[in-house]
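Colleague: Produce the complete structure using the sequences and hints provided.
Number of protein chains: 4
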Amino acid sequence: MIEVLTGVYNITPTPFHDDGSIDHESLRRLTAFTRDKGVDGMTILGVLGEADKLTDRERDEVITATIEAAGPSFPICVGTTHAGTDGCIAFSRRAAELGAAAVMIAPPKLARTNDAALKRHYLAVASAIDLPIVVQDYPPAVGGILMSVDLIASLAAASPRLVHLKLEDDPSPMKVSQVLAANPAVRVFGGLGGMMFLEELRHGAVGTMTGFAFPEILVDIYRRFSSGDRDGATEVFYRYLPLIRFENQPRINLALRKHIYHRRGAIASPRVREPFTAIDAGTLDDLDDLLTRLGLTH
Amino acid sequence: MIEVLTGVYNITPTPFHDDGSIDHESLRRLTAFTRDKGVDGMTILGVLGEADKLTDRERDEVITATIEAAGPSFPICVGTTHAGTDGCIAFSRRAAELGAAAVMIAPPKLARTNDAALKRHYLAVASAIDLPIVVQDYPPAVGGILMSVDLIASLAAASPRLVHLKLEDDPSPMKVSQVLAANPAVRVFGGLGGMMFLEELRHGAVGTMTGFAFPEILVDIYRRFSSGDRDGATEVFYRYLPLIRFENQPRINLALRKHIYHRRGAIASPRVREPFTAIDAGTLDDLDDLLTRLGLTH
Amino acid sequence: MIEVLTGVYNITPTPFHDDGSIDHESLRRLTAFTRDKGVDGMTILGVLGEADKLTDRERDEVITATIEAAGPSFPICVGTTHAGTDGCIAFSRRAAELGAAAVMIAPPKLARTNDAALKRHYLAVASAIDLPIVVQDYPPAVGGILMSVDLIASLAAASPRLVHLKLEDDPSPMKVSQVLAANPAVRVFGGLGGMMFLEELRHGAVGTMTGFAFPEILVDIYRRFSSGDRDGATEVFYRYLPLIRFENQPRINLALRKHIYHRRGAIASPRVREPFTAIDAGTLDDLDDLLTRLGLTH
Amino acid sequence: MIEVLTGVYNITPTPFHDDGSIDHESLRRLTAFTRDKGVDGMTILGVLGEADKLTDRERDEVITATIEAAGPSFPICVGTTHAGTDGCIAFSRRAAELGAAAVMIAPPKLARTNDAALKRHYLAVASAIDLPIVVQDYPPAVGGILMSVDLIASLAAASPRLVHLKLEDDPSPMKVSQVLAANPAVRVFGGLGGMMFLEELRHGAVGTMTGFAFPEILVDIYRRFSSGDRDGATEVFYRYLPLIRFENQPRINLALRKHIYHRRGAIASPRVREPFTAIDAGTLDDLDDLLTRLGLTH
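Note that the protein sequences, when read in sequence, are chains A, B, C and D.
Residue numbering for the first sequence follows our numbering, starting at 1 and increasing by one per position.
Residue numbering for the second sequence follows our numbering, starting at 299 and increasing by one per position.
Residue numbering for the third sequence follows our numbering, starting at 597 and increasing by one per position.
Residue numbering for the fourth sequence follows our numbering, starting at 895 and increasing by one per position.
These are calculated hints, taken from the structure and not from any lab test.
Every value quoted in this text rests on a predicted model; they were computed, and no experiment measured them.
Simulated DEER-style distance windows between Cβ atoms:
#1 C:A753 / A:S73: 51 to 61 Å
#2 A:D288 / D:S967: 39 to 49 Å
#3 D:E1110 / A:S127: 54 to 64 Å
#4 C:A628 / D:E991: 30 to 40 Å
#5 A:D231 / C:G739: 38 to 48 Å
#6 D:D1024 / C:E599: 44 to 54 Å
#7 B:S457 / C:E831: 43 to 53 Å
#8 D:S967 / C:E599: 50 to 60 Å
#9 D:A1172 / C:A628: 40 to 50 Å
#10 D:L1178 / A:P140: 21 to 31 Å
#11 A:D231 / D:E1110: 24 to 34 Å
#12 B:V302 / C:E831: 35 to 45 Å
Note that CB positions come from ideal geometry on N, CA and C, so glycine has one too.
Modeller: So this is what it looks like as structure tokens:
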């Protein structure tokens, strides 16, 4: 079992057939595709994985097929956010049973901004499972619930299960510094589509856990940076930033990434489950132009 | 199969044992308790039913036990809201299989305020199941998504499955009139804890679908009103309004109602699943005083 | 100068002529009307006073005319909320110059939920003016900014200018108790249209600061309660609760109250400034029926 | 009087002295600085101009000093958003009197998402002033109020005063296409810090109206694009995108831009009015590194 997560954990979508059912073959293909790009791990069933749109049985299918395809040496982190503490424990235990290396958990939406309730929630889950828990601090996804620096620091102090943080509370680089000042033991991952990946690393992040359909670019940035080659890391980040930004467009980021994975042969269909925001022809033209200019078309 | 819902559909909580597991015996007792109060039907797995905090398997347990206890002549409406259209269809079909008389569906949270996406969602579900669908218009529960009067009217025009509306967009009485002006075929139920029940009826509502731990009071109001005794209905409504308002306190309404059901012997434990907002001693004193004054303590 | 606010501070609307300009004569009439109902004070330029829809010059007009009409013995509290600390100080100083007895201040909307920024804001204003400041804790009016019990307690501890709280964070009675447990020096006023006035008093509130077009009813409840007649206070509260609730309907509460003040002869026109939500004929019928039944029509 | 706005309208901050008072000399310097960068116009008193934190008198000062410094040939657009229609008209008329070339107006926050109320608001203002009105479609700044494509198209059809749109509803490029498909007469400006400027132009935007402390870069992109040099425009956009993104960080974008303007000598102090989010030392290091790499330090 891994104790510590580091580097690039790519968040991947859930592939569907054109009729909307789960595409197991594409799940396997996407997992191999992602692993082969050199990432340190992969995270499934996050917002990008349309976790909210699946039934519990479908969750099991996705977890099982992915972990089978990943094999023992490629860690899979599983999103187990649930509106209830009991449900979050049930999801997390199930993920552990099925072989997850870690779980990622956003605050339950009923908690309002209330550090005591949030702390109880995370501590209850941490005492129920024997896996690293990635605390997800992403206010827009949970109705604006804010996690204070003090809360984050105290969670990591309370349990070694709670030292990992996926920090997506804008502006993220400043909050990386604040969290590490409050508790240097926190292992901070960036997110937000990689938009501030360079700066997050500069402020002390240990990696990123984010969706991006060219994971090899995140890997390249991370490896250069962690080996001391800041100039190289910066150069790569700047070069591909137009794409990082483009993929990260609110509401259509999912459809865009599925489209790209499909073009890259990693999934059989770009199908997104309803309701979702579809991309238009002009946006596809934008993407073609962008990929051509960046030399990413083959 | 019933085609048309009318009158008082009481929304009930999901009873748990003190350890948080589902209490089947209390489910049966609560169902009998509610039916015996004279309501026209009962709605489970709404917000008050902590539906979001259950796993899919637990949903099945609750539906099955409730419908068994209800018997064939007491209609059970089941909340089948889901973030995805496919998931909503799966939940709704499952409810139908298990014997639900109707389903209640709030907008999927990713729809934003977008009538076209909402309409596609409801029409897709309506074409997949053969049960009345109660469209729930309750913006605060779904991140502020608003349903226009035109959308509501057009849903009812598009399918006889979509004529029922649970209207909880404040101020509800005015919107009852607007909806009926746009399409008189809509069958509007009030909600909001019964706070505007009298006025909703005055504006043309055909009943209420709401949580309230003294359903016999809602029944009394409704029967008097629908039999033409407006004075009597108003008198009863006024008399019990202090309690209707008290139970309806934001964030603690669930804990209050479970407390009352427990006191009334309908459920074995007032346990609410975490996270939730607990009531304090002063609030219980308030409740005792209120019930005593209203003669509702025995 | 008064040091301490107690009892019923009625929040009043800003009367306009039918053309939308400020109606000075009605301002004077409304002030006399309110004072004559026996309230302890009056609060102008809150949300109900359409403060956001006035220019600064119009604010001055409203403050000046009201305070002139009030005379020296009838305290006027003035809403001086502003998005900036400097602006809030400017508004508050101006109110002080014009004779305000106190100011009421909600959090600046840019503060997010951040106790440190909120504390700086209130302390800066408290050090700039020599008047009681009523801290307004009403999250829905300021984009959901929450004020923690600790923040409220620490403000009151930091300055005698900051001991007054208008508490409108639902459920209010419980928070009254929590605030007083944290710092018994806080002087808590209820709000929320009086919906929980009885319970707020039971939990230790010293009064209410709220809009309600029959202020004499709030006065009656308060006087009975504070003189030890809890039964009488409860009876009056229960009797008029149908109206308290009716006036408090979201989005139309302003139009309803202006309509009632107009009927009572306190203002010449029920005009509300755009944009606002108008009441419909059915709602006016509801109101007529309600006032008739409560014996409030003459 | 200009009838039509085109190209780059840079939105500028309001410079303050270190004591928080308005710095007239810096206002003049900043205006000259911006004009000399070749922009087509300048927009003051937007969100970036801390308009909400000014008193009405201070607004007049800022407008007057800016327009004086601009001279007759450099058009100044003035933000005149107000929570009330009357207030918006008063602000807009005052801006016209003081020499504004256009006004920029976001929806009043009380309008909810309600096309009819929004349309009345804009039409009322359009009939009251004789200046181009830039309709600002930026949901996060107005509590999430959405403007439908139909509303935008119908405003432009209803009045030539209402053909200009500042579109900041993510994802903006797609909405540019949708708006132009509904009414080709709309003149769409991008915003959002320039994050999607290239794509907005590709989808048919006629310019951008946004904050960015290196306006000459926006001008370079726009001129190249509008002269048919798409490759050159893209190259410049890509080169400076790291900075465009960095300046655009939520909540600190204002402090960052004031810091940069101060470094560039355009304003005497980077002072922001409270409450605001300050930048930390690490973020300033990030900025230094970024500007050095982009060759923007002298």
